[in-house]
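J.: Each chain, written out:
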Amino acid sequence: MSKIFDKALSNVPQDIKNYIDHSFDLVDQIHEILESQGKTQRELATMLGKKESEISKWMRGTHNFTLKSIAKIESALGESIILTPAKAKELSTTKMVVVSATINRKSGYQSHESAIWKENTDGSPYKRGLKTA
Amino acid sequence: MKRYKITLFKHYSNVRLYTVHYDGNNANETDSFIARFSEDSTYAKDFNKIIYWIDKMGKNGALERYFRNEDYAVALPVETSKLRLYCYRISENIIVLGNGGIKTSKKAKDSSDCYPHFKLMNHVAKKVYWALKEQKLELVNDKLVGKLTFNYPDNE
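Top line first, the protein sequences correspond to chains R and A. All the letters of the first sequence, read from the start, carry residue numbers 1 to 133 under the numbering used here. All the letters of the second sequence, read from the start, carry residue numbers 134 to 289 under the numbering used here.
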């Protein structure tokens, strides 16, 4: 195995590690959102008015995203990409509410069709990442 | 005519990094790249990004979207940098790392510091591709098994 690589890795400054970690976190999150929405990088490029090659460059894990770019991507996808600890804490105070359920009495088979909505403490709905049970 | 062997560089849980080692050379190509640039302050930031990026690939998997195509091979993609490390992505679990240099022109073939390494990785890519296709080389549990030594013509 490469001792020289291991030594070089141990010398990488923490700020560089943070930079690459954050860039990867962002592109992986964007990719996950695109997949969940059934969209491609090409479609994201169209939504942002950019060339696909530029989006492709962003998604390689070393791009220095600006807040402006992140905001535009979030706006285009309709979902958050960044979650700060404070925001995560705020969201952890949401509660689960079952909206509806149906039971097939004839067959005796219980089928549950329900949309599980999260409700913020102020009563406003929050449905990011929710699935139908 | 030179000969080289594809040898294991570093092994992660789900990813194996290989490198290229010329017969008769003390160091493999990737170690040579690291030895050359680890002390070069001009490209320190970009070099560190490449090193840490390789480690991320090892831990996260070598997803295709992380790479930038350079003919048959790929280049490690530090965006705003002239520093290039060429490699060949066989799968999400196997990469062959090569060597690299400073790219001073738009096309690799016009950059004398990069071009030899670019050509080598493209040669590796073609040889490995055909060896896998002809089953002289196989992927066994994400390991390369079989023909790992190739001839590299001087005029390639």
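It should be emphasised that the hints constitute simulated quantities derived from the structure, not laboratory data. No experiment lies behind these values; they were computed from the predicted model shown. Quick reminder that beta carbons are idealized off the backbone N, C-alpha and C, glycines included. Be aware that one or more of the hints could be misleading.
To be verified - Stretches of chain R that chain A covers, calculated by requiring three or more beta carbons in the stretch to come under 8 angstroms of a beta carbon on chain A: (1) 14-27; (2) 77-84.
Unchecked claim - Just a few of them, taken from the derived set where beta-carbon distance is under 10 angstroms, the chain A residues facing chain R: (3) K135; (4) R136; (5) K143; (6) H144; (7) N147; (8) A160; (9) N161; (10) F170; (11) I184; (12) Y185; (13) F200.
J.: Run every hint past the structure and note whether it holds.
T.: Hints, verified against the model:
1. 14-27: holds (count 7)
2. 77-84: violated (count 0)
3. K135: Given a least distance of 21 angstroms, the restraint on K135 (chain A) is violated.
4. R136: The hint is violated - R136 (chain A) has no Cβ within 10 angstroms of chain R, the shortest such distance being about 21 angstroms.
5. K143: 5 angstroms, holds
6. H144: 7 angstroms, holds
7. N147: Nearest chain R Cβ about 16 angstroms off; hint violated.
8. A160: Holds: closest Cβ of chain R sits about 8 angstroms from A160 (chain A), inside 10 angstroms.
9. N161: 8 angstroms, holds
10. F170: 9 angstroms, holds
11. I184: 5 angstroms, holds
12. Y185: 5 angstroms, holds
13. F200: 7 angstroms, holds
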